[in-house]
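The residues making up each chain are set out below.
There are 2 protein chains.
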Amino acid sequence: MTPEAIKKLAQLLAKLPSLGPRQATRIAFFLAGMPKEEVAELSSALSDVADIKRCINCFSLAAAPSGGEPRPEAGRDNLCDICANPRRDQSLVAIVEKETDLQTVEKTKSFNGRYLVLGELPKDGVLSSEHKRRLERLKNPPAKGGQASQYEEIILALSPTTYGDLNAGLLAQDLRTVAKKITRLGRGIPTGGSIEFADEETLQGALKNRN
Amino acid sequence: MTPEAIKKLAQLLAKLPSLGPRQATRIAFFLAGMPKEEVAELSSALSDVADIKRCINCFSLAAAPSGGEPRPEAGRDNLCDICANPRRDQSLVAIVEKETDLQTVEKTKSFNGRYLVLGELPKDGVLSSEHKRRLERLKNPPAKGGQASQYEEIILALSPTTYGDLNAGLLAQDLRTVAKKITRLGRGIPTGGSIEFADEETLQGALKNRN
Chain A
1 MTPEAIKKLA
11 QLLAKLPSLG
21 PRQATRIAFF
31 LAGMPKEEVA
41 ELSSALSDVA
51 DIKRCINCFS
61 LAAAPSGGEP
71 RPEAGRDNLC
81 DICANPRRDQ
91 SLVAIVEKET
101 DLQTVEKTKS
111 FNGRYLVLGE
121 LPKDGVLSSE
131 HKRRLERLKN
141 PPAKGGQASQ
151 YEEIILALSP
161 TTYGDLNAGL
171 LAQDLRTVAK
181 KITRLGRGIP
191 TGGSIEFADE
201 ETLQGALKNR
211 N
Chain B
1 MTPEAIKKLA
11 QLLAKLPSLG
21 PRQATRIAFF
31 LAGMPKEEVA
41 ELSSALSDVA
51 DIKRCINCFS
61 LAAAPSGGEP
71 RPEAGRDNLC
81 DICANPRRDQ
91 SLVAIVEKET
101 DLQTVEKTKS
111 FNGRYLVLGE
121 LPKDGVLSSE
131 HKRRLERLKN
141 PPAKGGQASQ
151 YEEIILALSP
161 TTYGDLNAGL
171 LAQDLRTVAK
181 KITRLGRGIP
191 TGGSIEFADE
201 ETLQGALKNR
211 N
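The listed protein sequences derive, respectively, from chains A and B. According to the working numbering, the first sequence holds residues 1 to 211 in order. According to the working numbering, the second sequence holds residues 1 to 211 in order.
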């Protein structure tokens, strides 16, 4: 009953993060009913993002697109603004899963180091070859004076979920030789949150991080 | 910090139903990181659905695409399978908001009438010109014998929300002359639901519809 073209589109949409099959079907029908010009606009926006390159240093999707307008501040070699900025602390790295996490950390204006965008973490604790390739980038910390090169600190900025905890443990093990300190984000009661409904672990964190 | 192309795509995605700005941004980044071939596949699926035509009778997006393979069962003139099926009861019409609602009703296999896909309903009770155009389709019920033509029943299959209730009232008023009976879906405890947590209105409906 559903036209094949809508089924096919819904299947592709269902592969996108946080879209279930039901929502994907609804969106596919919506797209099919949209004026042709708007669909064309979306199509062209899609092919534009496909041209964006990852930063060769932190792997975030933020480098100038090939053939796009040159961005003087980003420099050559497809470095993102952050990696190309000499005022960012090279000895401090935050490992995040996704670009949106990176942006949320940036918005705090409380972090002046660099990032490594690792990609979404596996639920079974087995890192993919792509994860490993990105982690390799951290294995040669910038040398400082005549000292053995080590990062001052690597922050594992992963969400405090079961998978986040599992992966943080594995990453800390993997990176223990390249950084003097490996930390995670502090746990506590979120702003506006209520003590009454905080779970034990959160509350333990909040007590520990009290200030 | 976010590349313009990703911002632009996220803005377009945020216009789709049930996608908020945060989810749209996340999906835009995901799409930007996807292999080019997969983005191209999605683009082509998009332009395929843009060719789908609405059924000229019920306005559902289910008619053969222009230039697509001919579907003998659907007949000419861009009628959908249901409207082209002579065994469906012409004197019984269910008004639904979206194609996905139509599909959910079809899956019950308990309805043998036809549909009118009205499009998502306004929150202020003011029907758009497109809604009105579609409702016009119901203003000439099929004649039966020598009798004045009226539908036996029009079912307002709208969700039992505040807006659904508001619009159902207005539609019932608007259509009162063209149908002998105008009904809504029965309210009650959903399968698997619990009486304890049912709200008053649901429980009132369940008592009224007891069987």
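These aren't lab readings, by the way, just hints derived from the structure by calculation. One or more of the hints may lead you astray.
Derived, one-sided and incomplete: chain A residues facing chain B with beta-carbon distance under 8 angstroms [unchecked claim]:
1) Thr-2
2) Ala-45
3) Leu-46
4) Ser-47
5) Asp-48
6) Ile-52
7) Ile-56
8) Asn-57
9) Phe-197
The C-beta atom is built at its ideal place from N, Cα and C for all residues, glycine as well.
Of the numbered hints stated earlier in the document, which are not met by this structure?
When the structure is compared with the hints, numbers 7, 8, 9 turn out to be violated.
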